[in-house]
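A.B. asks: Sequence:
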Amino acid sequence: MSTIEMSVSKREKTGKGVARKLRRTGVVPAVIYRGGNTPTMITINPDELTLAFERSGNPNSLVKLDANGEVFTCLVREVQRHPVSGVIRHVDFYQVQDDELLTVTVPLVTVGKAEGVAMGGTLRLVRRELSVRCLPANIPAVIEADVTSLDVAMFLKVDEITSPDGVEILFDKKGAFNVATVIKRRGT
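Using the numbering used here, you'd call the opening residue of the sequence shown number 35 and step up by one each time.
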């Protein structure tokens, strides 16, 4: 898994007025938090953050933040954007430990061409994301689901997907849900 490294600055003041002043200077207020710890208030360059995530292509990339010599390994938990312009207004980072299990949502992608599609059917994804539990270093960019054996009117269930090493796909073992199907085209 790739790690994004960034330099940030600690800040002392909080509040709406302070946040507005920071945004006018081209930086965005952010916070690093972890249950039981005092949150660390920081400022971050939003363009640098956006560019780093566009390059990695993985919304679950780990971010190493260097705040005046103190290094935090984090996941981005929430990004608040302006409702019209889409400009980043605030970022919440969740500090992680290398040895703790995390639950994250990972995109699901299909691999192969389904037999039913070759016969004129259409592949439909029922789920586009799956919840997984793993160590921070094992967070996958995507979960691949092989659909080659799917025929028309067949379903691929979540328990039939092979998860990467060190990654557990979370679902109720009694009621494994469908993730993909091949449907028959109308009029055929």
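These are computed hints drawn from the structure, not numbers from a lab.
These numbers come from a predicted model, not from an experiment.
Check each hint, because a few of them may be wrong.
To be verified - Here are the computed distance ranges between Cβ atoms for each label pair:
| hint | residue 1 | residue 2 | range |
| --- | --- | --- | --- |
| 1 | ASN212 | GLY51 | 48 to 54 Å |
| 2 | VAL145 | THR72 | 43 to 49 Å |
| 3 | LEU135 | ASN71 | 14 to 20 Å |
| 4 | ASN172 | LYS47 | 36 to 42 Å |
What the hints assert, rightly or not - In silico BS3-like pairs for lysine-lysine, Cα to Cα no more than 30 Å straight-line:
| hint | residue 1 | residue 2 |
| --- | --- | --- |
| 5 | LYS98 | LYS44 |
| 6 | LYS47 | LYS98 |
| 7 | LYS218 | LYS207 |
| 8 | LYS44 | LYS55 |
| 9 | LYS218 | LYS208 |
| 10 | LYS98 | LYS55 |
| 11 | LYS191 | LYS218 |
| 12 | LYS147 | LYS98 |
| 13 | LYS207 | LYS191 |
| 14 | LYS147 | LYS50 |
| 15 | LYS191 | LYS208 |
| 16 | LYS50 | LYS98 |
| 17 | LYS208 | LYS147 |
| 18 | LYS147 | LYS55 |
In this text, a Cβ means the ideal position worked out from N, Cα and C, and glycines have one as well.
A.B. asks: Would the pair LYS218 and LYS207 pass a check requiring their Cα atoms to be no farther apart than 30 Å?
C.D. replies: 29 Å, holds
A.B. asks: Evaluate the given range 36 to 42 Å for the C-beta pair formed by ASN172 and LYS47.
C.D. replies: Cβ of ASN172 to Cβ of LYS47: about 38 Å, so the range 36 to 42 Å holds.
A.B. asks: For LYS98 and LYS55, compute the direct alpha-carbon distance and say whether it is at most 30 Å.
C.D. replies: 26 Å, holds
A.B. asks: Compare the distance between the alpha carbons of LYS218 and LYS208 with 30 Å, and conclude whether the hinted pair is satisfied.
C.D. replies: Since the Cα atoms of LYS218 and LYS208 sit roughly 28 Å apart, the hinted pair holds (cutoff 30 Å).
A.B. asks: Go ahead and decide if the range 14 to 20 Å is satisfied by the Cβ distance of LEU135 to ASN71.
C.D. replies: 18 Å, holds
A.B. asks: Measure nothing beyond the straight line between the CA atoms of LYS191 and LYS218; if it is 30 Å or shorter, mark the hint as holding.
C.D. replies: 19 Å, holds
A.B. asks: Go ahead and decide if the range 43 to 49 Å is satisfied by the Cβ distance of VAL145 to THR72.
C.D. replies: 45 Å, holds
A.B. asks: Hinted pair, alpha-carbon criterion (30 Å max): LYS44, LYS55. Please report holds or violated.
C.D. replies: 15 Å, holds
A.B. asks: Within 48 to 54 Å or not, the Cβ separation of ASN212 and GLY51?
C.D. replies: The hinted range 48 to 54 Å holds for ASN212 and GLY51, with Cβ atoms some 51 Å apart.
A.B. asks: When you check the alpha-carbon spacing of LYS147 and LYS55, does it fall within 30 Å?
C.D. replies: Violated - the C-alpha atoms of LYS55 and LYS147 are around 53 Å apart, more than 30 Å.
A.B. asks: Hey, LYS147 versus LYS98, does the alpha-carbon distance stay inside 30 Å?
C.D. replies: Answer violated: LYS147 to LYS98 is near 39 Å, above 30 Å.
A.B. asks: Holds or violated: LYS208 and LYS147, Cα atoms, limit 30 Å.
C.D. replies: This hinted pair holds, its Cα atoms lying about 29 Å apart.
The structure is inconsistent with the numbered hints 12, 14 and 18, although it conforms to all the rest.
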